[in-house]
Structure formats: structure tokens, C-alpha cells
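K.L.:
If you're matching them up, the sequences are chains A and B in order. Quick note: the first sequence uses our numbering, first residue 1, plus one each step. Quick note: the second sequence uses our numbering, first residue 151, plus one each step.
Among the hints, erroneous ones may be present.
[To be verified] Facing chain A, from chain B, some residues (calculated, C-beta under 10 Å):
id, residue
1, E230
2, T374
3, K448
4, A452
5, S820
6, M828
7, P862
[Unchecked claim] What follows is a set of in silico ranges between Cβ atoms, one per label pair, in the way DEER data are often shown:
id, chain 1, residue 1, chain 2, residue 2, range
8, A, N116, B, Y554, 43 to 51 Å
9, A, N116, B, K623, 54 to 62 Å
10, B, D555, A, T113, 50 to 58 Å
11, A, Q10, B, S252, 36 to 44 Å
Keep in mind the hints are simulated off the structure, nothing from the lab. Note that beta-carbon positions come from the ideal geometry of N, C-alpha and C, so glycine has one too.
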Amino acid sequence: MITLSVNGQQHSYDGDPSLPLLWFLRDEAGLPGTKYGCGEALCGACTVHLNGEAVRSCAVQVADAAGKNVVTIEGLDPHGNHPVQRAWRAVNVPQCGFCQAGQIMQAAALLATTPNPTDAQIHTAMAGNICRCGCYQRIESAIRTAATGV
Amino acid sequence: MTHIEKNSLPLVENVSRRGLLKGVVASGSLIVATTYLPKRAMAAWATGAGLMPHGTVSDPHVFVAIAKDGTVTIVAHRSEMGTGSKTSLPMVVADEMGADWSRCRVVQAPGDEVKYGNQDTDGSRSLRHFVQPMRQCGAAARLMLEMAAAERWGVDVSSVEAVDHAVVHRDSGRRLGFGDLAEAAAALPTPAPDKIRLKDTNSFRYIGTGSVPIVDLFGITTGTATYGADIRLPGMKYAVIARPPVLGAKVKSFDGSAALKVPGVEKVVEVQGWDWPAKFQPVGGVAVIARNTGVAIKGRDALKITWTDSPHAVYNSDSYREMLLENARKPGKTVRNDGDIDGAMKAAAKTITAEYYIPQSAHAPMEPPAATAWVHDGMCEVWAPVQSPGGTHDDLMKTLGLPYDKVKVNVTLLGGAFGRKSKCDFVLEAALLSKTLNAPVRVQWTREDDIQHDFYHAVAVERIEAALDANNKVIGWRHRNAAPSLFSTFMPDPKMQQPLEYSMGQVDLPFAIENIRCEVCEAPAHSRIGWFRSVRNVPNTFATQSFVAELAHATGRDPKDMLLELIGAPRIVDPRKTTVDLWNYGDPFETYPIDTGRLRGVVELVAEKAGWGRDLPAGHGMGIAVQRSFLSYIATVVEVAVDGKGNISVPRVDTAVDCGFHVNPERITSQIEGAAIMGLGIAKHCEITYKNGVVQQSNFNDYQVVRIDEAPRVTNVYIVPAGWDTPSSGVGEPGTPPFAPALCNAIFAATGKRIRNLPIGDQLAI
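With these hints in hand, go ahead and build the complete structure from the sequences.
P.N.:
What follows is the structure, given as C-alpha cells:
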């Protein structure tokens, strides 16, 4: 039995410990905000915070999260008002919206360590998160907005 | 219109804000499903909406419900895949009825075209076909509220007016909120069309302002918006399916014993497949059922399956490309013939020929196909991200043998679609499995499934020859293409482009050239072919707009001047007489003619805004391209920077859009920004190749799409202002086609290297 904390709540899993964390979150813990996009850590749609660090939950085994704190988009802010979420809304970033949970989690992790990122730092941090609708110009703008305060 | 006593929660919360539309009746529906929708009393223009299954409905009893607290619930019947129509169309209703948007909520309709009218969310049709019915719907609702208030006060209806969520009596200043009037208004029959009057367009509060954010914005940014794979039902099983690697192959035999040993795997079952062509029916395969999706994927890896042979195992992209080139070098079937092309070629002082190659590609929406189905007690209910809720409903009825009212298609948000989710094979798979397992089932496609079993954007060779006279005037234009047809998905393979396809950028050529011939050449299909954002406009525009710049170079002219010269004077170009079955995107040519004045307009506007001809840094170049597609006119200028190693970047994109009367400029801008990025992906990366009938790509490592670090730095969008007298056309698709030729024209300007084969890949590497 593996136990882990997700958004401050204790969860346990009695199955194969090599299960990707993504599927534990989505199908076992009932937290579908974290999205499946590729399963190979290529697109960033499944980004969550593991002990504060942005990780691809499709490439983290549930066993690797044992005893650690996982934060998903549902737990980023109790009222959905993290500065990155507010900035995303101020700039009207999303089109279809499917990748945005991963984008927001990645951006929040970036700003936690780099409060005023340069363009290059934004590109480096966000290059692992694909948006097929093509919201990149607004993602970049929203990150700057969040950095300077909404 | 319906009066709601109390809001209750729907089973699936795919609504923007909580709420359920209960007991909405469809009395007095205005359903037109016969021919072109004629101008109604208050309609400004005729459309082809009536040619679509179940036409349009504009009855407020269907689309609007008002609660006693004044909350107005408006139904969005088109699917939301990122274009914003789920917000824009209800906003039209709200504005027209005088509602306060902050007191409106939007609910997504299930698939029910008998009730709501056509729901096929593709072809950039949502605004084009429904802006008028939705204005009529809102105006009818407003009149019903006004009638209810006038009756309450005992005054004439002409003396009252609905404004800001209330009806006001002008003389006395008396006022009744929409909530107070809900019950009485809902009891009224739908007013006759000749009684309904549209608002003055100057009095819109939301339309045209761009001030209304999408209704799902909060849900999307908090992870609470519901997509296709986000449904969990009690007792639900999780499934993934191994599908035949070659189109047309079937399961010969399989051994699921190793899969069943994977902890958490519950069952291994075969999924029925249909003989090809099978429209949107599943290709069949073997499903692994498990306690969660991750376990099912692991189980699938352990399956041993032997597949039958398929005639499509001959498909190899390298040899296929050579065959297309060979076929396009020979005369094909003539589908447009103006003047005497052979005479023009003989009389030419010079001829110029170019061949372009545009590869097969996959849609790859960020949300791979996924659907949940529950077949039980002679009923089927599904939850799925489908562009075609009505078509999905029909296909479920046929596949399961159920009557209309025993099938329910709940439409979730679509995590991108681009045409892929017009095809409901993944929903049918879930339904078939649910029936077999007698339990709710969610089918998840992996990214590999998505890339290897798509309904693809077809490969194409485009060959254009021009005849020039001694003064370098273009006197002849012959455009041949060889590309497999999407109709091979529906019928025995016609082995060449059909009217719907060649009318997207080949025969609708808007150039002032006396002798034009368009031909389509043989190209058998070996994969499932569908439609991808702007469809054949992608290869056709890449060829025609690249070729214009090639002609400019060959004759020593500026590419923009050359383009305007070929377009010629402002006029209506009507190729119908010289074309075999010109398809005008399903809409009447009289409403949406080919207007070179508007085409010139966007070229001139974008050239001015982009600073065409301005001084550029070393290694930079500008390119221009234009296309009328999906009845909108869009021109793009790309500025490219090519470094010493041949790496390209895009510092700036400018795009001018003329899409007629429009309601949400903010979402038009976002569509065009996104189209630039998708266009860059088409140009730079996207390619699906085959070896012995098997797709060689599998995920975003080998099927690359554009990431943030290579995206255009700035995309500027200029929307041509238009009043109600200019028919609306859509913007979901037409932003895409001009980008790749504009980019490649810019690369030529920067480097002198002409790209004729996509993707660019490493062709520029030094």
C-alpha cells in the first residue's frame, strides 16, 4: 500500500507501484484536472508539483510520490486565484483549454523560483508544454503579467 | 422559453456554471431543412444552413430558459473546441434579448438535432449559419418578455422595451425584471417571424466589443472544466484498444494471457471492426479492460496479436510520392477549363513550372480521443468530445440498433479537435465495449493511437505551370494535383480529388488570367482520410501562393505587386460556368461570391500594417500570401529570420481578416494567433510517413509540433470592420492556409532558397 498526500489530503493505492502518478490522480483519486497528452513526458499536459517542483506525472511512478506532497491544478489555490490563474484569465489565454492546467502548473513553478523571468527563461521553462491551439503569445504575456502582479 | 422553478445539478457538469435546463419544450420550432435557408423577414442574407441535416432552429422555447431569480440560461448547441462559439452564439442571444450577460449562464446541449438544428461543428460554420437564427431567437425572447410585461400593465407592447435584464414602460418608468416575467413569458407561443424585430446594431452591448471572456475560463484555469476523459461513473471500466497497424487488417488471432497477468487487468476482449471504407465505424482490435487507464496500457503492451493481411500494406511514403509526381506530370481529369490553355502554352514566350509536395499529417489535438459510454436496459448514453453530436447520435443508433430517444450524447468540452473529432469511431468503440461488458466503459486513446490511427490530412502533389507572354504577363495557368480523396472514407475510393476538395483553393482561383485549366490526377487512398483545419486549402494555397512569388522573382517584380496584378481589378469572379461542380462551402454563391475587391482589401491592409518593403536586418525576409477560404478573406505577411546555420525564427506575423459581420473580435484574434502557430507547424515539422502500410511516427518526439520557443514572437491581427449588411463567415479554419506560403516566400526573400517540399525540416541547414 502506497500513501501519498495530494492537495493536502492523504491517499493510498493498493495496486502496482509502477503505475504512473498521472493515472492514479485521474482514475483512482478522482482528480481529472491533470490531463493526459502523451504519456512520455513530451507535452507537459500532466504537469503537477511534487514537493514543490514541476514534474510530468506521466513519468513519475506512484511509488516515487510515496510520502511526498503532490499538488495538482485543483489544489494550486483554494479559490482558484493563484496569481498565475488570475493572469491567465486577465489575458484570456485559453482556446480549447486542455493543456492549460499543465501550462499553469509549469508557470507557477517557474515563478516560484524565478519571480521575474527573462524571455529566454520563460521559453526554457515552458518549452516542454505543448499548446496545439497555439496560445503561446498569450501564455508568455500572462507569465509576465503574473510576475508583475495582476 | 422555459420557466425554471429551481436549478438542480446535471449528472455531468460540463456546463460553464452550474445549472440544468429542465423541461424545455420544442413547441413552435422554426425548423428549415429543405434547401438554402431563404431570407426571413428580418434576415439579412440567405445561407446554406438549410442544406445541413436538420437545418436551423431559432425558437426561444428551445434555447432560452429564465428562472424566477432572473437567471437566464442559454443553450449552446455547437461543440466548443477552442473557437469560442459556446460563448459567442449565446452572447448573441443575450445581447439581442436585452439580457445582462453577468446574469446569464450557458449550458451545452446534448446531441439532438431534431430539437436544436444542425450541430456539426466544422466547416467554420457556427457563426456563419447561426448568427441570424440566434439573433432571431434573442429577439423573439425579448418580444415575449415585452408582451408579458405589457399585458401585466395593460399597456400596448410598443410602449415597453427590454433593457438591461428588465422590461421598462417608457411613459411611466415602471419596470419588471426578467425573473418577474419569466413564467408569463414562457407561457406565450413563439411570436411569428414577421412580428419579431431585430435590434439596431448600434445598440449592441456585447456583440462586436470583444469584452466577454469565454464562459469556461474559470473552469479551465482551475482544472474543473470537463473534457472527454473526465467522466467517472460508478462501476466504470477503463479500456485501451490495440488497433490494426495497417488499414484494412483485422484480428486473425490473439493471446491475452500475458495481459491478464498484469495486476489490475480484468478482461481482454475483441472489438468489432468494419470493412473499409467504413465511414466512422471502428477499425476493430483487441481491448484491455482494467481498474485504471495506466494498468490497461500496461496490459495492452503484453498482448500478442496476429493481424490479417491488408492490400494497404503496399503504402510506402517514398514510392507513393514518386507516383504522385509522375501522375501530376500527365494530364488528369479536367475540372475547370477557361479559354485555351494548350494554345496559351504554345504561344508563350516563356513557361514556368513548379511542383510542390505537402505531406500527410495528423491533427494531434492535445486531448487524444476519449469517450465514456453506458449501454444498459435498451438505452445508450455517452459522454464525449465530439464535433458532430448529431452524427454521433445517428451512428450510435445504427450501430446499436436503438431508436432515437434511447440514445443520449452528452457533449463535453473538446480538448482541441481540428476536424478529428468530427469522426466518432472512438465513441462507437466505447459503446460497443459497454454493451459487451454490461458496464460503463471509458475508452482512452493513447497519443500513439492518435498519431497512428487518425483520419489524416491527405498528402498532395501540386504542379503549376504558367505561360507568360513577351511582356511577362501571365496568359495561362495550369494547376494539376494528385492527392487521395477524403471520400475514400465514405465510398469506394474515387482515387482523385472531388468537387468539395478541389473547390478549396484549386478551381476557385481568383486570378485575372484568360486561360486556366485545373486537373485532378490519380491518387489511391491507403489510410483513413479526413478533414484538417481548412482542409485542401492548405496544399492548394501553399502551391498557388508560393508560385505567385516564384513568378514575381522570375519576372523581376515585387511579390505583393505580382499578387495584386494577378488578382486584378475589384470584381466578382464566377468560375461556376467553367468548373465541374464548384462547391462554395455549402453556401449560396450569391451571398458569398468570390469578391476580388475584398481579396485585394486584405492584401493591401496587411501589406500596409506589416510595413511591406521596409528595411530589414540581415538574414531577415518578408513573404506574403492570401486566400479566400471558408468564405473569409485572409492575408498574412510573415517576417522570418534565418541564421548562419539555417535555423529559422519568426519575429513577426501580420494577418488581415475579412470575415464579414462578426461578434467576438477577441476570439477572432485568438484563432488567428493560433492559426499562425499551426501554420508554422505544417511548414516546419508535421509529417506522417508510412512503411509497408504502417505509420512511422508515434508521439511528439517524432511527430513534432510547434513549441513556445519557436513560436512567432508577435502575431498582429487586423479585422476588417463590417456591418450587418456583410454576411458573416467563420474564422476557425481560414487563418491556417496563408501562413506556410507566406513563410516560405519570406525564406526565399531572406536566403534565395525556394522551399517546395514540406515540411521544411533540415532543408535550410548549412
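K.L.:
Run every hint past the structure and note whether it holds.
P.N.:
Against the structure, the hints:
no. : hint                        : verdict
1   : E230                        : holds, 8 Å
2   : T374                        : holds, 7 Å
3   : K448                        : holds, 7 Å
4   : A452                        : violated, 13 Å
5   : S820                        : holds, 6 Å
6   : M828                        : holds, 6 Å
7   : P862                        : holds, 7 Å
8   : A:N116 - B:Y554: 43 to 51 Å : violated, 59 Å
9   : A:N116 - B:K623: 54 to 62 Å : holds, 58 Å
10  : B:D555 - A:T113: 50 to 58 Å : holds, 56 Å
11  : A:Q10 - B:S252: 36 to 44 Å  : holds, 39 Å
The structure is inconsistent with the numbered hints 4 and 8, although it conforms to all the rest.
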